[in-house]
Every structure is written in structure tokens, then in C-alpha cells.
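Colleague: Since the structure of chain A is provided, determine the placement of chain B on it from the hints.
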Amino acid sequence: MKDLFSRSVQAVIIFLLIAGVLALALGGYLNFFSTGLNTVLVSTQSWISVRFVAIQEFITLPRDATTLRQENARLQEEVSRLQAQVVQYQRQVAETQSLAALVNFSRSNPENVYTAASVIGRDPSPFLHYIIIDKGSADGIRRGMPVVTDQGLVGRVDAVISNAARVQLITDPGSAVNVRIEEADRDVVLVGSVSGDLSLDLVAQDVTLEAGDLLLTSGLGGSYPPDLIVGQILNVRKRDSDIFQQATVQSVVDFAALKIVLIVTDFRPVNISPLIPVP
Amino acid sequence: MKNLVAFPLLALVFILQSAVASRIPLLSGAVDLPLLLLVAWALQERVQAAWTWAIVAAMMASFFSALPPVAYFVGYLSVVFLARFIQRQVWQLPILAMFTVSFLGTLWMHAVSFASLSFFGSPISPADILSLITMPTLFLNFLLAIPVHSLMRDLAIWVFPSEELV
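As given, the protein sequences belong to chains A and B, one line each in that order.
Heads up: the first sequence is residues 36 to 314, going by our numbering.
Heads up: the second sequence is residues 124 to 289, going by our numbering.
Isolated chain A, as found in the complex (with noise of 0.2 Å):
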């Protein structure tokens, strides 16, 4: 019963002093206190809070810098692989480009037969202007077929083996192409140079050229088919003290970005050399 009795009175003192020190706190007789104890209490908070998450940090940065480097790694890898991949569809597109483009040349030029070659080198040495191409004997490819594009003449097969050959350019200096001049309806004669420029030498004074003429073969000679376009008079040198004229000629092929040309396979070339007379 004595026991019971202080169990009471310790309960009533201290819902007293609890009653008391809210009744103090809500009075604000204890804000110096409370502040005190606050400022106290967050200052250790923050001090402790700092500190963890700088420990957080310096455990989990790491790991987080190794999987950006492992992401960024594959992130540049895909970046690679795809560009690669414009890189092939690019080249997939522009011979897709150049084979329509010899398709439609070969449609509109119904008269000859055709096949396709891709340019595989050049020769090896700086004085000629040859070509490899991956098409040969086997092929049906035969020396002297006329080479084109679908811009206009390139050549004529020099050699030939089982799977590939060698095309003369008109640019090699060893070149001579008979052409006609279709504004002045004269033929003269086209040859190459080293450096791969195009002329027209031997020109009778009383021929008129005019720059912007446009060039075909002739078909003279035997070597090449006639009406192929060759290309367009650049310039010309006309002197009246001079016996000829000459004009340098822009051929109409890039033979420097050659990539895929035509074989005229159903021409023959005729060999006239036994009907000129030797002196």
C-alpha cells in the first residue's frame, strides 16, 4: 500500500515538472534554453552529416568514375562502330550512285553491250596513265575494247589476263584519240601528256575552235567507236605566225576519282597499221 502510494506521488511530480516545463516553454521562459540546446544539436548534426556524406562520397565516387569511364568506353566504341558504318553506307551509296548512273548510260546506249569493272590500281609507274581493272579474258574482256563511263570515253583495254586488265587512259602522253570537233565538224587528233592534260596539237590554222566546242570520237582509225563524248575545248592558242594551232582540252571523266567503268565488249577494234605504207 506504501509502495502504491509513492508510485502515485512519484507519477503526480513528475506530470508536474513535464506540466511545468511546457507550461515554462509555452510561457517562453525557456527559449534562451532551447536555443542554446538547438543550436547545439544541429551543429553537431550538420558536423556529422558533412563528414558522412564526404566519406559516402569518397567510398561511392570511385566506383561511380569507373562506371562513367566503362560507359563513356562504350559509349565511344558505339560512336566508332557507327561512324564506320555512315562511312560504309556512304561508299554503299555512291557506288549505288555510279552503278545507276552506268545503268542508265548503258540504257540509253542501247547499240553497244557492256560490263562493268571496278578500277583495282593504277600502274606503278608515274610516266603512264594505266588502270587495273578487275575484269579480264574470263570475262570476255578482249585488248582494244573501248573503255567508258557514263560520262564519256576513258580508254582502251592495252592487256589483258584471265581476271583483270590493263586500260590505257586517253590522258597517258602515249594516247592519240581521233576526235571530232561537232561545232566545226572537223577531225583532229587528241592526245595525252604526263602531267594527264588533254590537247588538241596539229590543228590547221583555218579550223575554228572556240572555247566550250564539244569533242567525240570520230571513230576514224578503227580504235574507238564514234559519237563518244571525250570532252570540251578549254582554251586555245592560235598565233598567226604558227603553222598549227593547239587548244587544251577538259576531258568530261575524273580519271583521278575513277572507281567503276564500262567495257564496250561487242566492238573490235580494227587494225589499220598493215594499210599505211611505210616509207
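No lab work stands behind these hints: they were computed from the structure.
All values reported here derive from a predicted model rather than from experimental measurement.
Note that CB positions come from ideal geometry on N, CA and C, so glycine has one too.
Incorrect hints may appear among the rest.
Between beta-carbon pairs, the in silico distance windows are [claimed, not checked]:
{"hint": "1", "chain 1": "B", "residue 1": "Ala-142", "chain 2": "A", "residue 2": "Ser-197", "range": "16 to 22 Å"}
{"hint": "2", "chain 1": "B", "residue 1": "Phe-130", "chain 2": "A", "residue 2": "Ala-219", "range": "53 to 59 Å"}
{"hint": "3", "chain 1": "A", "residue 1": "Gln-111", "chain 2": "B", "residue 2": "Phe-243", "range": "51 to 57 Å"}
{"hint": "4", "chain 1": "B", "residue 1": "Phe-204", "chain 2": "A", "residue 2": "Gln-118", "range": "45 to 51 Å"}
{"hint": "5", "chain 1": "B", "residue 1": "Phe-130", "chain 2": "A", "residue 2": "Asp-232", "range": "35 to 41 Å"}
{"hint": "6", "chain 1": "A", "residue 1": "Ala-194", "chain 2": "B", "residue 2": "Ala-238", "range": "20 to 26 Å"}
{"hint": "7", "chain 1": "B", "residue 1": "Phe-130", "chain 2": "A", "residue 2": "Ser-153", "range": "22 to 28 Å"}
{"hint": "8", "chain 1": "B", "residue 1": "Glu-168", "chain 2": "A", "residue 2": "Leu-255", "range": "57 to 63 Å"}
{"hint": "9", "chain 1": "B", "residue 1": "Glu-168", "chain 2": "A", "residue 2": "Gln-281", "range": "53 to 59 Å"}
{"hint": "10", "chain 1": "B", "residue 1": "Leu-127", "chain 2": "A", "residue 2": "Ala-211", "range": "39 to 45 Å"}
{"hint": "11", "chain 1": "A", "residue 1": "Leu-255", "chain 2": "B", "residue 2": "Arg-207", "range": "49 to 55 Å"}
{"hint": "12", "chain 1": "A", "residue 1": "Ala-219", "chain 2": "B", "residue 2": "Ser-273", "range": "57 to 63 Å"}
{"hint": "13", "chain 1": "B", "residue 1": "Ile-138", "chain 2": "A", "residue 2": "Leu-249", "range": "36 to 42 Å"}
{"hint": "14", "chain 1": "B", "residue 1": "Phe-204", "chain 2": "A", "residue 2": "Ala-173", "range": "37 to 43 Å"}
Partner residues are not named here, just some residues of chain B that face chain A (Cβ under 8 Å, in silico) [unchecked claim]:
{"hint": "15", "residue": "Ala-142"}
{"hint": "16", "residue": "Pro-246"}
{"hint": "17", "residue": "Ile-247"}
{"hint": "18", "residue": "Ile-256"}
To list a few chain A residues with every Cβ distance to chain B over 12 Å, as calculated [to be verified]:
{"hint": "19", "residue": "Val-47"}
{"hint": "20", "residue": "Ala-58"}
{"hint": "21", "residue": "Ser-69"}
{"hint": "22", "residue": "Thr-74"}
{"hint": "23", "residue": "Val-128"}
{"hint": "24", "residue": "Asn-144"}
{"hint": "25", "residue": "Ala-151"}
{"hint": "26", "residue": "Ile-264"}
{"hint": "27", "residue": "Thr-300"}
{"hint": "28", "residue": "Pro-304"}
Modeller: Chain B only, in chain A's frame:
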């Protein structure tokens, strides 16, 4: 027997020359990889069978190129002769020898090419050749002379590991 390595190596070099080097011209000139390879090989002290390489190279060049074969045979054999001669004189300065033979060899090869083309009727101006082909080729050959010499020195050591002479 070890000289059989010349066949695949020279074939590869001619393919590179035709498919790559000839498509990277400077004016109208291009680096002459087969010539550099022959010169570098002939300058190796432990190599004595450079003549074989010159003949194989001339045969392959005649297969690839429209230049008269005689030009390659005369040119390459002369260059190997020059390289062997220079190698005996300045054997302690292989790089100097490489530059000297590359320079003289390029000039000689172009002179032989010019002579053979002129003989067979191609109208070529010597002035054009000098300015458009020979000078750029000399420059490009000088650029690649040291790397090619280093590669061929390593190849010679690999093919002839001891001091044996073949």
C-alpha cells in the same frame, strides 16, 4: 632458299604501289616503294642475294606496268649494283647510303623510263618529267627512305639471324 621471301614481299609491295601509292600523287609523282625496298635490301650488309631480288622485282613490275620491261631490268639491276657499291664504301653510315642510293636510283630509274618511252615513241618533255614527276618522287622517296630501311634491316636480321651470308 631464304630468298624465296622476295616473292611474297615484292608482290605485296607492288600491290601496295599499284593500289595505294599510285593513288596518292604529289603533282604527277608518287613514292616508288619497290625501288626503296630494293635499295634498302641491297644495302644490308648480311645480304648478298640482292641481284635475285632485282630480277624478281623487274619481272613483277613488267607484269603490272605498261612500261617496257627492259626499263625495269636495266633500272633495278643498275640500282642494286649502285647500292652494293655504295654499301662497301660507306658501310658505317647506312642511312647516308640509303639517301644517296635513293636519290641516284630515282634519277636513274626516271632517266631509263624516259629513254625507253622515247625510244618506243611516246612524246614526253624532259622538263615536264623533272618538274612534275622526278622532283615530287624524290621528295616522297626521301620521306619513306628511313622507315623502309629500318623495316628491311629488321627483315634481314630475321631472315639471316646469324652472321651467315647468303
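Colleague: Compare the structure with each hint and give your call.
Modeller: Tested hints:
Remark: the range hint 16 to 22 Å for Ala-142 (chain B) to Ser-197 (chain A) is upheld by a beta-carbon distance near 19 Å. At about 55 Å, the CB distance of Phe-130 (chain B) to Ala-219 (chain A) agrees with the hint of 53 to 59 Å. Separation of Gln-111 (chain A) from Phe-243 (chain B) is about 56 Å and conforms to the stated range, judged on CB atoms against 51 to 57 Å. Taken as a hint, the range 45 to 51 Å holds for the pair Phe-204 (chain B) and Gln-118 (chain A), whose Cβ atoms sit roughly 50 Å apart.
Judged by the Cβ atoms, the range 35 to 41 Å given for Phe-130 (chain B) and Asp-232 (chain A) holds: they are separated by roughly 38 Å. Distance hint check for Ala-194 (chain A) and Ala-238 (chain B): the Cβ-Cβ separation is about 22 Å, which falls inside the suggested range of 20 to 26 Å. Take Phe-130 (chain B) and Ser-153 (chain A): their Cβ atoms lie about 26 Å apart, and the range 22 to 28 Å holds. A hinted range of 57 to 63 Å for the beta carbons of Glu-168 (chain B) and Leu-255 (chain A) is consistent with their spacing of about 60 Å.
With their beta carbons about 54 Å apart, Glu-168 (chain B) and Gln-281 (chain A) fall inside the hinted range of 53 to 59 Å. Between Leu-127 (chain B) and Ala-211 (chain A) the CB atoms are about 43 Å apart, so this pair conforms to the stated range of 39 to 45 Å. Checked against the given bound of 49 to 55 Å, the beta carbons of Leu-255 (chain A) and Arg-207 (chain B), roughly 52 Å apart, stay inside it. Taking 57 to 63 Å as the suggested C-beta distance range, the pair Ala-219 (chain A) and Ser-273 (chain B) conforms, at roughly 59 Å.
Separated by about 39 Å at the C-beta atoms, Ile-138 (chain B) and Leu-249 (chain A) satisfy the suggested range of 36 to 42 Å. Checking the proposed 37 to 43 Å range against Phe-204 (chain B) and Ala-173 (chain A) shows it holds: the Cβ atoms sit about 40 Å from each other. At about 5 Å, the closest approach between the beta carbon of Ala-142 (chain B) and any beta carbon in chain A falls short of 8 Å, and the interface hint on this residue holds. Annotation: interface hint on Pro-246 (chain B) holds; nearest CB of chain A at approximately 6 Å, less than 8 Å.
Taking 8 Å as the C-beta contact cut-off toward chain A, the hint placing Ile-247 (chain B) at the interface holds, the least distance being around 5 Å. For Ile-256 (chain B), the interface hint holds, the least distance from its beta-carbon to any beta-carbon of chain A being 5 Å, beneath 8 Å. With 12 Å as the threshold on Cβ separation, the claim that Val-47 (chain A) sits away from chain B holds: the shortest Cβ distance comes to roughly 103 Å. Annotated as non-interface, Ala-58 (chain A) keeps its C-beta farther than 12 Å from every C-beta of chain B; the closest such distance is 96 Å.
At roughly 83 Å from the closest C-beta of chain B, the C-beta of Ser-69 (chain A) stays outside 12 Å, upholding its exclusion from the interface. With a cut of 12 Å on Cβ distances, Thr-74 (chain A) stays outside the contact zone with chain B, its closest approach being about 75 Å. With a least beta-carbon separation of about 21 Å from chain B, Val-128 (chain A) lies farther than 12 Å from that chain, consistent with its non-interface assignment. With 12 Å as the threshold on Cβ separation, the claim that Asn-144 (chain A) sits away from chain B holds: the shortest Cβ distance comes to roughly 28 Å.
With a least CB separation of 19 Å from chain B, Ala-151 (chain A) remains clear of the 12 Å interface cut-off, as annotated. The claim that Ile-264 (chain A) is not at the interface with chain B holds, since no C-beta of that chain comes within 12 Å of its own (minimum 25 Å). Against chain B, the non-interface label of Thr-300 (chain A) holds: every CB pair exceeds 12 Å, the least being about 21 Å. The beta carbon of Pro-304 (chain A) sits about 17 Å from the closest Cβ of chain B, which is more than 12 Å, so the claim that it is off the interface holds.
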